[in-house]
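The chain contents come next:
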Amino acid sequence: MPHPGFSRRHLLGASIGAAAGSGALTGFPTIWAQNIREITLQHAGLTVTALPQIAERASKDLGFTVRMQASEGADLLNRFLSQSSAIDVADVSITYLKYLVGRNVLQTIPLSKMKHWDQTIPLFTRGEYADGRKASTEGVAPYTVLYATSEEGKAFAPGPTEWLTSMPSITNADTLGIRPDLVGRPIASWADLLDPAFKGKAALQDQPTIGIIDVALALQSGGRMSYGNKGNMTRAEIDRTIGMMLEIKRAGQFRAFWSSFDQSVNLMASGEVVIQSMWSPAVSAARTRGIPCTFQPLREGYRGWGYNLGIMKHLTGLKRDCAIEYANWYASGFEGAVIARQGYYSCQPELARKHLTSAEWDYWYDGKPAATELPDPFGKPSVKPGEVRDGGAFSARMGNIAVWNSVMDEDRYLTRKWNEFITS
Amino acid sequence: MSITQPAEHAALAPRPTRRRRLRLSPRLVSLLQVGPLGIVLIAFFALPTLIFLVVSFYDYDRTGIYPDFLLDNYRELLTSPATLRLYLSSLQFAFIVWGITLFLGFNIAWFLVIHVRTRVMRTVLFLLCAIPFWTSGIIRTIAWIPFLGRNGAFNSALMDLHLIDRPLDFLLFSPFAVCVTYVHLFTLLMIGPIANSLSKIDPALLEAARDAGASRWQTMVEVVIPLSKTGIALGSILVFTQVMGDFFVVKQMSGGQSASIVSALATEIQAMQYPPASASAMLLVLFVALMVAGMMRIVDIRKELVR
Amino acid sequence: MRHHARRPWTFYALAMLMTLFLLFLYGPMLVIYILSFQGPEGGVTFPMVGTSTFWFEEILRPGQMANIPAAFGRSILLASLVSLLTVLISVAAGMGFRRRFPGSGLIFYLAVASLVMPSLLVGFGIGLGFQLFGWQPGLFTSALAAQLTWTLPFGLFAMFAVFNRFNRAYEEAATDLGASAWQRLRHVTLPILLPGILGVAMGSFTLSYDEYARTTLVAGNRNTLPLEIYALISSATSPTLFAIGTVTTAVSFLVIGTTLALVIRLQRRRAAALR
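Chains G, X and Y, in that order, are what the protein sequence lines are. The first sequence begins at 0 in numbering that gives the first Met the number 0 and counts up one residue at a time. The second sequence begins at 0 in numbering that gives the first Met the number 0 and counts up one residue at a time. The third sequence begins at 0 in numbering that gives the first Met the number 0 and counts up one residue at a time.
Here chain G stands alone, though its shape is the one from the complex (with noise of 0.2 Å):
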């Protein structure tokens, strides 16, 4: 695996660069002194960041110990509250930080300490594609949340400001899983998801926003109802678009409403399910298993989604400094590239570059057919030579998205009528 030009004596040469450059206020250089190497850092995240192998790349890059702690993304949310001084680093959806930001778990991260903001992805930092067209601001879009009014960081800014709510990392753009031997016929909207073909053969997610906003996007295309906001609905809509729901559940469209990933690849390896909304990585997990199974690219565009990096309030003094340089490193593409090979994005792509081989890049970020037969990152083969990925590159991908993964503001009567369409 080729890292060129990244090396510890790097990272430090340049992190005491940065911290003379800021006038060392924060007393940054004590950080490499002898006494980081008896800090750990407990890094609480998703399945898919929390590997050992991050772990230990990280400690041996940075001179302190980083500790992963793997847990659900909702258990992980509830862990902000109920055990927060277990946790020094988390990844955070950002969706999640509609909740956290007020609540006092999170502190703010300075813009001037992010050694790689220009690498960033402009959707997270200004909400805008690499061409430069505006994206969705449908349901929450990452850049409404990223930046805080104050270093207390107690309320988000709609622009640009000097203290950060968390650091983006990953991302990735969600549509339509299809098994194309079973659908019989193209598939081209989100509104094939209501399409009464497939009665008794779709799903959807068990989560009050997603469930919804898929429906939602089915709906509006099919013309049967229009939205101000998908994303962020008026009570008059969530009613509407809930008592659809119903007269389509009872009709017995829905064979299933799943509520976690290996639900997801069983539902549609095993054929009980033939059209769902559907994680790209769940979609390779049914295909390794040499079942048909395609990543649907749709007219709408896609339901984008991210996870940034956030620090918990209780850091301070050195574990703080670490912390951040922590967020640096977690941003310089070794993380990046570890992701890329399960087929999330990271949001620092052209970081994550460095650690991936051309064959790679073609692949995951390029939209190209694999030169080479391909690993995951824990070295098993995981894509074969020839295959192209659904949805081609990273700017087409992430270059359409209809809507954002969300939390509404009416989230609370949101979840009462989720219950009650889910128990009728």
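Heads up, a few of these hints could be off.
[To be verified] Ranges of calculated distance between the beta carbons of each label pair, as one might list FRET restraints: (1) 98(X) - 72(Y): 35 to 43 Å; (2) 79(Y) - 132(G): 57 to 65 Å; (3) 210(X) - 264(Y): 33 to 41 Å; (4) 49(X) - 40(Y): 35 to 43 Å.
Source of the hints: derived by calculation from the structure; they are not laboratory data. Keep in mind it's a predicted model, so treat the numbers as computed, not measured. Backbone N, C-alpha and C define an ideal beta-carbon position, used for all residues, glycine too.
With chain G held as given, fit chains X and Y onto it using these hints.
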């Protein structure tokens, strides 16, 4: 046994001279014995529950909860059509599963205790029942999916035997699948306490009943069931509380088509909506405690102990 | 009944039921065992894509998504501790409940309520308490406490079943013969209760080893096996899960088989010595 016996003993055996020592009153001894349990339950269960009782009256929005005394959470809970549906469906599961596990549990316990002759054999059979429980419940639940699915082992077997020509859909992601999994997971909870009760029945008593001309059925109803009712009651409480408190099995095995009281509550917790989740938890605890209190009117476990 | 040579018809009926129940119990387990030998390309559902021991090797290979061996070790340790504490506390409490004492009803209903209180909230509440006092949450502090609120009611109710119809005359006889309270407990009460106590130990070990919802919000920064498994299924899917199941079963059979063989040999030797 009667309490007169010690007196007889005392009369028969020459009483050795006793050292004088501090004698605690029996009640105090009981308190000391139950003390550790009480402390754990009060510190780690009652106090957190008290917090949630208070929180259930709080106001909340997306970014916080606010001290208040609102009845809104309860009002929303009690007026939501979802609540009644959830309780009905959970109760339905609970009663079906209770009936099946009771039938299986009683008969298997009876078989193990009365029919199996050697102790080793009994232990081996009991352990055979217990071993699957050391495999994670998550894994055991998921294992039913390849078994019951459209292309699963069971459907394939039926198709191979030409008993059906199209896979049965109702096997998986259905109330049926949920019940099967519950029975799979919880029957042991019934076998254990009932076997314990049955093993205390003196075989001579059964023989006496038979010698007195009682039929098998009469012996069962008049002798065995009254003597094992504590075990039955304990097993029932365990199974009942487990089903009412479940949120994983119902979601996995119904494919999300059914929900349970706790799975709905989990949806609220995932959105950090603690006040309504607390209100829902309070209602659940109260409801189940009343059900158990009802059960205690039929079989008072504690009274059985005190005799 | 036991000395009747001929079995009544109910024996055969119940033996049949027992067999069917065991089939039912092991049916899906069999699926686990078979699927754990999936080929490297296969998944967690049928069809089998070749056969291999790949997924077993995967458990032990370092650097995977889930560190199963480490989580397994922690779970065993935690479960042993929970089991020990549950036995000590619930045996004592079971004895205490044989008399009426003030507050017995309260404790009983607390135990019942503790079984039904949604587990996520129990864990959450304990976590809040630990934060309030500034204690560091961890597997052997907060998670242990959370699991005890779950295993203790089980232990207590199991002890109810054990003490139910326990003949107290034995204890009283011991007292009358001059046994001290400790001697009475050691030589009279405990031996009679031993099978029940072993049951509680085994039961609470199992409950703790498998506990997820109470532990997850207060586990500190190390995962138990169920937490690791749950994290795994939330972002990946592989027959590793089933391989874990197969290994667990194999180890259980091995441990139990060995113990049983030892006990039987010991009994035989003892019987021989007596003769």
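Here's how the hints hold up against the structure:
Between residue 98(X) and residue 72(Y), the C-beta spacing of about 40 Å keeps the proposed range 35 to 43 Å intact. Under the hint 57 to 65 Å, the C-beta atoms of residue 79(Y) and residue 132(G), about 60 Å apart, fit the expected range. Between residue 210(X) and residue 264(Y) the CB atoms are about 40 Å apart, so this pair conforms to the stated range of 33 to 41 Å. The beta-carbon spacing between residue 49(X) and residue 40(Y), approximately 54 Å, falls outside the hinted interval of 35 to 43 Å.
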